[in-house]
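**Student:** Based on the hints, put chains B, C and D in the right spot on chain A.
Number of protein chains: 4
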Amino acid sequence: MKLKLIRYTPEPERTVAMSARLCYSASGAEDLVETMSDEQVGKLIAQLLNMGHLSTFEHASFTFAIEGISRVLTHQLVRHRIASYSQQSQRYVSEHGFEYIVPPAIATNPEAKAKFDALMSQVQETYDELVRLGVHKEDARYVLANATETKIVVTMNARSLLHFFEKRCCQRAQWEIRNLANAMLAEVKAVAPRLFAGAGPACVTSGYCPEGQLSCGRLAGIQLSK
Amino acid sequence: MKLKLIRYTPEPERTVAMSARLCYSASGAEDLVETMSDEQVGKLIAQLLNMGHLSTFEHASFTFAIEGISRVLTHQLVRHRIASYSQQSQRYVSEHGFEYIVPPAIATNPEAKAKFDALMSQVQETYDELVRLGVHKEDARYVLANATETKIVVTMNARSLLHFFEKRCCQRAQWEIRNLANAMLAEVKAVAPRLFAGAGPACVTSGYCPEGQLSCGRLAGIQLSK
Amino acid sequence: MKLKLIRYTPEPERTVAMSARLCYSASGAEDLVETMSDEQVGKLIAQLLNMGHLSTFEHASFTFAIEGISRVLTHQLVRHRIASYSQQSQRYVSEHGFEYIVPPAIATNPEAKAKFDALMSQVQETYDELVRLGVHKEDARYVLANATETKIVVTMNARSLLHFFEKRCCQRAQWEIRNLANAMLAEVKAVAPRLFAGAGPACVTSGYCPEGQLSCGRLAGIQLSK
Amino acid sequence: MKLKLIRYTPEPERTVAMSARLCYSASGAEDLVETMSDEQVGKLIAQLLNMGHLSTFEHASFTFAIEGISRVLTHQLVRHRIASYSQQSQRYVSEHGFEYIVPPAIATNPEAKAKFDALMSQVQETYDELVRLGVHKEDARYVLANATETKIVVTMNARSLLHFFEKRCCQRAQWEIRNLANAMLAEVKAVAPRLFAGAGPACVTSGYCPEGQLSCGRLAGIQLSK
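Sequence order for the protein chains is A, B, C and D. Residue numbers 0 to 225, in numbering that gives the first Met the number 0, belong to the letters of the first sequence in order. Residue numbers 0 to 225, in numbering that gives the first Met the number 0, belong to the letters of the second sequence in order. Residue numbers 0 to 225, in numbering that gives the first Met the number 0, belong to the letters of the third sequence in order. Residue numbers 0 to 225, in numbering that gives the first Met the number 0, belong to the letters of the fourth sequence in order.
Next up, chain A with everything else stripped away, as it sits in the complex (with noise of 0.2 Å):
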């Protein structure tokens, strides 16, 4: 996997603070801005957290270039709705040589490691040969593998981030969306740490388990449910 925050708002989290400073006070959004020290923005986000208000943080988006990811993966992220998308078309684009994603649990068992791979061959040459029949790459892609690498570009607000970190960080998670969601969660936090301070899975968040499950280490020492 291959990611990398390449937009963000400016000043992510003085633009937070000041919509939020703008909500309970009789000055202007503009006063605001030059007038908020650096440690009341910390402070009022750091309240916004806590009481969960948090409409103004979709003031701040991030856009996020990623490629090296399966369609498996796309499939379930691109169902997260606040949010937009723009995704390497196997409609337009060839997939003569494409490159795949092997799970973890396959890649350290060389037998299903073994059968995998041929696998994949066989469908680079199946794809390859429809095309040579005069099959149009939207048709024959009907024979790519959920494995099959795509880029995609993503933009989330930080509340629709925060959404998404909460159900996607969660050990529960499909592990190729969880790594995803944990690395875009250290590219955000490197440049709006305080924005994303507490986020990470719904137990992180909210100190109990939504899944009501035990499967995870997580869960030691905390509520099981509600």
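Among the hints, a few may not be true.
[Claimed, not checked] List of simulated lysine to aspartate or glutamate pairs, DMTMM-like, C-alpha gap at most 20 Å:
#: 1; chain 1: B; residue 1: Lys3; chain 2: B; residue 2: Glu186
#: 2; chain 1: D; residue 1: Lys1; chain 2: D; residue 2: Glu98
#: 3; chain 1: B; residue 1: Lys136; chain 2: B; residue 2: Glu98
#: 4; chain 1: A; residue 1: Lys188; chain 2: A; residue 2: Asp37
#: 5; chain 1: C; residue 1: Lys3; chain 2: B; residue 2: Glu10
#: 6; chain 1: B; residue 1: Lys112; chain 2: A; residue 2: Glu124
#: 7; chain 1: A; residue 1: Lys112; chain 2: B; residue 2: Glu33
#: 8; chain 1: D; residue 1: Lys3; chain 2: A; residue 2: Glu33
#: 9; chain 1: B; residue 1: Lys1; chain 2: C; residue 2: Asp30
#: 10; chain 1: D; residue 1: Lys3; chain 2: A; residue 2: Asp30
#: 11; chain 1: C; residue 1: Lys3; chain 2: B; residue 2: Glu33
#: 12; chain 1: C; residue 1: Lys136; chain 2: D; residue 2: Glu33
#: 13; chain 1: A; residue 1: Lys1; chain 2: D; residue 2: Asp30
#: 14; chain 1: A; residue 1: Lys1; chain 2: A; residue 2: Glu66
[Unchecked claim] FRET-style restraints, in silico, Cβ to Cβ:
#: 15; chain 1: D; residue 1: Asn181; chain 2: C; residue 2: Pro192; range: 44 to 52 Å
#: 16; chain 1: B; residue 1: Tyr23; chain 2: D; residue 2: Cys215; range: 15 to 23 Å
#: 17; chain 1: A; residue 1: Asn49; chain 2: B; residue 2: Gly41; range: 49 to 57 Å
#: 18; chain 1: A; residue 1: Arg78; chain 2: C; residue 2: Ala106; range: 44 to 52 Å
#: 19; chain 1: B; residue 1: Asn181; chain 2: A; residue 2: Gly206; range: 46 to 54 Å
Derived from the structure by calculation, the hints contain no laboratory data. The model shown is predicted, which means the values in this text are computed figures rather than measured ones. In this text, a Cβ means the ideal position worked out from N, Cα and C, and glycines have one as well.
**Tutor:** Here is chains B, C and D on its own, set in the frame of chain A:
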């Protein structure tokens, strides 16, 4: 493809007309329910469509159960964000004995069809072997093809459907999702003919081809672009 | 306030349960419609609620006609974006003879009530005079008070309603929108009791008060914050 | 009205072009950032606009601080749901000394203006008296007029803005929100001229008047309806 309209807002046309009437009238909504004649309902809907005032169309929702479609189709479908989806999970449901969708261009080409079928057999074999080797379904599915059959429940309101038909009934839309869109349009027209009277691809609804293309028969006699 | 649930998805509970079942079963959606017992429907909905898996709740929609509310209320209401609204227009509908909402704290204070009513009379008089002077309704309405009565049709799906109830049934929500939320909850509970079994403010659904406050009676005996 | 574009996605045009390129190219997103010439960026954006392929326009967001507008305007504004809002609260901020917006049709009519101002004075007086009588701000605000000045922070992406301009730059839109829309358009055109090159009311972007009206000058020479 197997499509069924399983639920919809009762009296969808009257629901839309009554909501529109409320905006421009001093009467209460309840009075409007009872006092509008069927003819008035039809006339008001025609005006709303003609002027593009479609917000009231959101009060009527339609739920479809769809089977016998590929994950090529659903990966496109779920990109429509003003809609609700529940899709059969490849993580939890075994794909031993999976079925698959064959594109017409392949089904009608014996050589291509033979290669396609042969590959699907090998995919099934590899999937089953991986499971036998202890690989979980959620990882074994990485070998499954885009062609694999899936099932999904979809809910869209009438406004979102009109937009969906504009994009996906177009001759340039991918064949499988176009077939679905046309089938969905037939279903909703049967129960709410006046809401979907002029529904279809953008060239039909707006009079020009936003694709700026000459590639389809529909274009004859209509304006090529704005 | 006059509230009526005028439309909803037929069999809302079964619709949700059937959609959820599809995700985890090899059966088709149609089969599920017929084969689930009412008890199975109830059990599945309880599990979904307990685990917070609410996406299937989106397939059931509810439409309300609401009258006798103020524009204070609707300005808050329409901030809920996963919903559809049709509101009586002050641009097109004359406000000669408008009615208005009196907050209980004013209604029960004779001195305040007298001043409130006196002002409303003057608002009406000024509005009428402006119209007589040739000012269009769309401009004359600038003098109308927040208290002015309005009518609105609202459609929300069950998931969006659950979120709405979490925010607006809270003791700290503004009184008028809280009254509306409680009335809407009573209506949907009557037709889909199992979907809204545990619905209410966040302290009821999650067991802690996200507002971090001590100001309301409900807090006794529950955790104050995370 | 006081409007300021306080934040936006850096290099909004390049962000859009790069995301679009990714969909149709085998290259990764990062390569595209560096290798597209400014001319290529412009050409690609023009193609996207011409074909109505606007999903990539969502990756560029714009945040405005707006003051000196009425609650007539904001009640319309917040109906645009693909956007984020933070508005000054009449519940928490005192309206002692509130300012108000006078519609031009009233400002230019001395008799109407006198009545308007007189009423606003009485509103202020009544508000202040209610507060003195112990009524909370959240209830005293029921007497405040639609004309009362408010402040709001708004974030929309470029696609949502294009839709907003289609509806609200129209001569038939209400004057105050039309003024706002035109001012917002001027601001974003200054920083992303190619994204908003053809932006404006629907008659300008589509070549026909969806309102089906003869009431405005712009109609001369263009098609009246579809």
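**Student:** Indicate, hint by hint, whether the structure satisfies it.
**Tutor:** To see whether the hints hold, each was checked on the structure:
no. : hint                            : verdict
1   : B/Lys3 - B/Glu186               : 8 Å, holds
2   : D/Lys1 - D/Glu98                : 14 Å, holds
3   : B/Lys136 - B/Glu98              : 16 Å, holds
4   : A/Lys188 - A/Asp37              : 17 Å, holds
5   : C/Lys3 - B/Glu10                : 16 Å, holds
6   : B/Lys112 - A/Glu124             : 14 Å, holds
7   : A/Lys112 - B/Glu33              : 67 Å, violated
8   : D/Lys3 - A/Glu33                : 14 Å, holds
9   : B/Lys1 - C/Asp30                : 13 Å, holds
10  : D/Lys3 - A/Asp30                : 12 Å, holds
11  : C/Lys3 - B/Glu33                : 14 Å, holds
12  : C/Lys136 - D/Glu33              : 55 Å, violated
13  : A/Lys1 - D/Asp30                : 13 Å, holds
14  : A/Lys1 - A/Glu66                : 5 Å, holds
15  : D/Asn181 - C/Pro192: 44 to 52 Å : 51 Å, holds
16  : B/Tyr23 - D/Cys215: 15 to 23 Å  : 20 Å, holds
17  : A/Asn49 - B/Gly41: 49 to 57 Å   : 54 Å, holds
18  : A/Arg78 - C/Ala106: 44 to 52 Å  : 48 Å, holds
19  : B/Asn181 - A/Gly206: 46 to 54 Å : 50 Å, holds
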